[in-house]
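Take 219 as the starting number for the sequence shown in the working numbering and just add one per residue.
Everything labelled a hint here was simulated from the structure, so no lab data went into it.
A portion of the hints provided could be inaccurate.
Stated by the list, open to error - Here are the simulated lysine-lysine pairs, DSSO-like style, with alpha carbons at most 27 Å apart:
hint, residue 1, residue 2
1, Lys505, Lys450
2, Lys367, Lys427
3, Lys433, Lys538
4, Lys558, Lys577
5, Lys505, Lys367
6, Lys505, Lys538
7, Lys367, Lys433
8, Lys505, Lys558
9, Lys577, Lys367
10, Lys433, Lys577
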Amino acid sequence: MKNTRRSRQGINTLLVILIGFCILAIIEILYGQAQIRVERERLALEEQNSQTVQELKEEWQRLQNEASVTTTRGEQQPVGSAETVEQAPTKVMEKTEDTPKAQEQQPLAAAETQEQEDDRNYSMQVVILGDSIMDNDRTESGVADIISKQLNAKVYNLAMGGTTASMMPGERYDVTQWDSRSLLGVVNAIQGNIGTDIFEGYVAGDLLKSCDFSKTDYFIIEYGVNDFLTGKIPNSRYLENGDTLPVDNVYTYTGALEEAVSRLERSFPNAQILLVGPHYCQIFSGKTFLGDGYSLDYGYGPLINFSRGAGYVAEQHREKGLLFFNAFENSGIDAETADKYLADGVHMTPLGARVYAEKIAEIIRRDYAPEE
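Modelling step: build the complete structure from the supplied sequences, incorporating the hints.
Laid out in structure tokens, this is it:
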């Protein structure tokens, strides 16, 4: 009897052990299946994001190709996704809520307004070179207009949406066959090295003809977001590992800034230059968040690197009085304020434009009248 009981106890113990092993095996199988499912989802999401980034780059290339051809006056320029790329350059005749007849009269009204403003007693003349951050809103809520009011300045806003500081691959640095509306194109036009035909149909084209640049007190240079978004423009020729890219400086962001700043310093020694680095941005594809200025990398580093590149150029010219606005870190636009300061992750709301413009105006005001 005792042996029988002991045998039953041994069998029961063995059954308990076997059941335990079975439970552990089932748990391990379920856990393994969960891991496989998570990994599949991760790979699917990674593939989706990769496709989205590729589509964005293709869309950017399409927009650049379209923007390279000047449309007829009064024809609306194609505009890409507001969430991800700069808008196309603002035309002299923009689409408004007015009737077509009113649109035809708009250039005359604008000319009359400009003539009236010429009678004002301005404190200074400011020339803005930039992209759609400056060009996107030319109303009283836009950055340029706010700067004008803050400083009582006559502002010539030569900014053109969709443009870059750097020359694009394929564009030739040849003043006899110039076709680039980049920062270097505008600077060459200001210097009289090239004609202004390639700017025809844009606000900047008319202003290039009417502005007496010798009277300029401050040049504001604002570029960087488009240079980053193309995925084709290096921040610099010089890489962190010590290698050097086989491209000319004018085809890099910092190289183009350096060339433009040096040219303006030589041609207008009595004018001051304020270099504005790119501000914090958030990039979307539709409603899908792709990343921000710290994380997203199109091949030449995140946007923060382009901001630091602008700061490096400014440092090289500090002894000549060049001013620098580190908009990425000091504009007040960041991850916490993006919802109220950025309309689409890149362009600014009226509130964001005011905060941004007031900081630029304050830098110039302190330099212009340091005793105040």
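Verification of the supplied hints:
| no. | hint | in the structure |
| --- | --- | --- |
| 1 | Lys505 x Lys450 | holds (25 Å) |
| 2 | Lys367 x Lys427 | holds (23 Å) |
| 3 | Lys433 x Lys538 | holds (19 Å) |
| 4 | Lys558 x Lys577 | holds (17 Å) |
| 5 | Lys505 x Lys367 | violated (36 Å) |
| 6 | Lys505 x Lys538 | violated (45 Å) |
| 7 | Lys367 x Lys433 | holds (19 Å) |
| 8 | Lys505 x Lys558 | holds (17 Å) |
| 9 | Lys577 x Lys367 | holds (13 Å) |
| 10 | Lys433 x Lys577 | holds (24 Å) |
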